[in-house]
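Visitor: Following the hints, put chain B in place on chain A, whose structure we already have.
From first to last, the protein sequence lines stand for chains A and B.
Just so we're on the same page, the numbering used here is the position in the first sequence counted from 1, plus 222.
Just so we're on the same page, the numbering used here is the position in the second sequence counted from 1, plus 4.
Hints are supplied without guarantee of correctness; some may be wrong.
If you anchor each label on the Cβ, the simulated ranges turn out as follows [unchecked claim]: (1) B:Glu161 to A:Pro749: 52 to 60 Å; (2) A:Thr459 to B:Asn82: 42 to 50 Å; (3) B:Pro225 to A:Ser400: 40 to 48 Å; (4) B:Glu161 to A:Gly297: 53 to 61 Å.
These are calculated hints, taken from the structure and not from any lab test.
Source: prediction; values computed, not measured.
C-beta: ideal position from N, C-alpha, C; glycine also.
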Amino acid sequence: MIPESSDLDTSNPAAQEPPPARTTAHSSVGEQLKIVIVGHVDHGKSTLIGRLFHDTGSLPEGKLEQLQRAAERRGVPFEWANLMDALQSERDQNITIDTAQIWFRTHKRQYVLIDAPGHEEFIKNMVTGAASANAALLVIAAEEGVREQSRRHGYLLGLLGVRQIAVLVNKMDLVDYSRARFEAIASEYREFLLSLGLQPNLFIPISAKQGDNIAQRGDRLAWWNGPTVLEALDSFTPSPAPVDAPLRFAVQDVYRFDNRRILAGRVESGTLRVGERVLFTPGNKVSTVKTIERWSAPPTLEARAGESIGITLTEQLFVERGAVGSLESDPPFELAHFKARVFWLGRQPLTKGRRYKLKLATQEADCGIETVEKIIDASSLAEVRRSEQPPCVRRHEVAELVLHTRRPVAFDVHGDFSATARFVLVDGYDVAGGGIILPNGYPRRTSDSLHKSTNIYWTSGKVTRQQRTLRNGHPGCVLWLTGLSASGKSTIAYELERQLFNRGRHVYVLDGDKVRHGLCSDLAFSPEDRKENIRRVGEMAKIIADSGTIVITAFISPYRADRRLVRSILNEGDFIEVYVNAPVQICEQRDPKGLYAKARAGQIKDFTGVSAPYEAPEDPELELRTDQATVEESVASIVEFLEQMNRKAREVSDMHR
Amino acid sequence: MDSLSRLENQSIYIIREAFNKFEHLAMLWSIGKDSTVLLWLARKAFLGHVPFPLVHVDTSYKIPSMIEYRDRLVREWNLELIVGKNEEVLRGGTTYPNGKATRVECCGTLKRDALKQVLDKHHFTGVIVGVRRDEEPTRAKERYFSPRDKNMEWNVEDQPPELWDQFKTDFEKGAHIRIHPLLHWTEVNVWEYIERERIPVIPLYFANGKGVRYRSLGCAPCTAPITSNARTVAEIIEELRQTRTPERSGRAQDKESEDAFEKLRRDGYM
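The shape of chain B in the complex, shown without the other chains:
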């Protein structure tokens, strides 16, 4: 079995474990390449079906074509979608683009708090998330099944042991488990798989003759495209094999302080 198939089979195993163990299960779908690959793997696991709802945390600052693409796939793949928005903060206007919050504060309310609201409302105890270890150093320390307490906090200094594909599936009431089936994939692996499986990804990832493309997708005000001429998946793979620039270099909220991202994640960010 080649490496890519090994990654795929491991992820399918994890997704199936999650489905077996959590009655109230959802999958986060950020519309980006990773969670779209995750969605594809769910269809692999359940033979074309997606037997749980997808949650999209919409900050209302997403790049507009992301929403178009999202709604198209929901129709075509017959998906159940729950959109989570922090309406209260959006009404109050205390956001970064309005100049009334820092970037990190804005991520905290529009993403983390919005996610918590959705989880509470639907009583989800398991949430499948498409984070990868190679994205960012605190994610490198994640578990496949990673508990969050009732305040969504991540106790990173005391994580459960995880061995031989036996995961933490027992937990106290009020806590929930984040399930990370893509943890062992790299950015290049994701694109190699997109190429192999011909998975439709949002075209923002491709350069369209203007010399720029998005490498990582987030909110428009905090996400910058990179200089690139890659127009196809194959060209992106080639580009990534050469580069030494980190994937999230276009994501401004990571850089506000040395541990900005760690703090966000400890508090329940994805």
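Only chain A is shown next, with the shape it has when bound in the complex:
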């Protein structure tokens, strides 16, 4: 019975050109709400969904009969849960393994119900289900009461940003519909949620198995005057798109179509308008939006939160995937470290010293843990105390920690708009954890620079970096030598300068003596002054490197954060951290200027290695063991590193030719 092709056609003819799309939305499409069902294992989540479907007449034709026959064949009692447990392994074991979604409609709107597994083992699937929900139904069985996953799921809902929660006290039939039992559970769990800063919308006594208080009220819960589950669903409200929040436009890709350079991306929050000046972070480049690009849609002068669009700019900038566009007046933070609350799902613990990939909006950055401040067992809220070294966070634990990234990322603090305030961590091939960024008094990069530098724009000269590289035969860069006093930094720096100079390289050494006498003569040795000293050296090194010169710096620069700041102001790949490593005992024996002796005698305060800390690089580009290698060998290994880098740069530029 195949319709013949002769009488095919015409209701929707294919068109050469895109037809004009209708501008008005179909009112009939209506509103959709996503609801996740969570709670401890066997507290009746899947049963609730089956009952909800049945009682609202939403089951597909023949589905009930099919499930009943299947139960008979298997010789087990019929279970509503089998409606959602679609996998053979789930039906065989009578458990939900993976999250599933199913649609149904009330007179008010359409719902997507997301069933989440209750076993601890399948937390990653619960998180997957809950992360996209607008609201949650949290199920607690009356006879068992509040259990580990009841609490852990509640905690995770808060972390994932689900703010509307109705708590259903299920299996009321097993406690004789006892009002006292219901109230005891409600009171215990309300207190738990409040301690997390979550305000539950409702508590409802139900029996999913018997159908009490699902779609209809029953005589058995006559004492209950509150809403049914169905009424509770209809009382939830959709999460509004953050159109009034600050603009964040996450660049996803750059396309070159029809001889135009188009930045493709999504407006994550706020509104983007043609003619507006937009700042792109990281990198701090500014241009004006020329057009907003869509295909087969009416042209508009603005795009609002949630829209996937393309834009063109009036001045061409080198902007890549990962850049975040904002208004200059309200940019994101741009730093290489931040404090976060992370939940860990990986099989291998999250461990200090290991490297992970951070994915935040469309940015990706190599990252690691700086400090673990607190580990929490989310099923009890108890703090986990372990003394193991290095510190690590195990599967299903939540932790507050400071992460540092290899280069600065643009981010916001978790609050009203969240796309740029949350991230996942990738371990190897796997997404192994997620987190939200916590406030921590971050310097608002433009808070003072905004006032000081409002009218300063980058002027690009007519000589490009490529042209300088081509003429010099090598690119400019910064070799940042860090290490203890007397570890050999200056000796290596000056020998390296001589050798590179003799090879025809443009090269220059910056060390303490050169800057302390002039540029930084107003600075002393307090931590603030040391930081400012390094910042100035970093900025100067950046300018000299930009001119095409290889800059070698020789500063103790004991603090990771200060070195990271310098890394963050340079282009990626231009900062080469060289750890000049010699044990403090060896340095002390060398002591060419007698400084260690003075420090030991108490004549110099805050002397690095003696009375002030040295924070060794965790992941330097190069490490020189100067207690084991000669100056010549150390210099040779830096020269070899530079040669390799040059070869790579040439290969890349050949590819692009």
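Guide: For chain B alone, coordinates are given in the frame of chain A:
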């Protein structure tokens, strides 16, 4: 923003992620309504362009007008099409219509194996597929970015977490990722979008005065039309709002056993 635009924007985001992350990317086009909507969304994502090839797995048992329609759109929309066929099995004749294989075995060789042959030949590591969660219960458990191992098998008991639009884009050599940009759409949403965008769909979906139409398209021997008088997209939308009959009720291969479809999908079926 209305619901349909929300669905559309989310799908465009996913398609763009796939294009950014996979150098060897293709989109499966079954000629049906879903993958044609998907194709339309790709043109939205890339501003009128389709910067990757389309793969049509042709079992040679498709309804003939599907092939006509396919070739017409390829011409008119300037598409790059790769047709995958399991020539060996077709030559040997071990197919369901020949009576030499069950329906499920036939799907396994003519669709799944044919797909694997195309993926291997062209070294595709990302394949965009138009499946939806509301079609069928195992699809309800899918991820937007869903890994398949080197044998194309789906490890459904151990799927990657997926949150906040951060997808699994790192994977072992030899594996590939299925990308499902339509996962969150329903059958009605698809038709509402076809109506809004005036997307040309194959006329087999419409009743033509004979009281029947196709609701889901597959191979002629295993796909039955449904009783319907819906002649326009608007009438189809109206009909679907009323019905409680599942979408794939006309697809015979799903019904050979309770877990027939699950097994097919675990082994790499779409």
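Visitor: So, for every hint listed, does it hold in this structure?
Guide: Consistency of the hints with the structure:
Against the hinted window of 52 to 60 Å, the Cβ-Cβ separation of B:Glu161 and A:Pro749 comes to about 53 Å, which satisfies the hint. At roughly 45 Å, the beta-carbon separation of A:Thr459 and B:Asn82 lies within the given 42 to 50 Å, and the hint holds. A hinted range of 40 to 48 Å is violated for the C-beta pair B:Pro225 and A:Ser400, which are about 59 Å apart. For the pair B:Glu161 and A:Gly297, the beta carbons lie near 24 Å from each other, so the given range of 53 to 61 Å is not met.
Of the numbered hints listed earlier, those contradicted by the structure are 3, 4.
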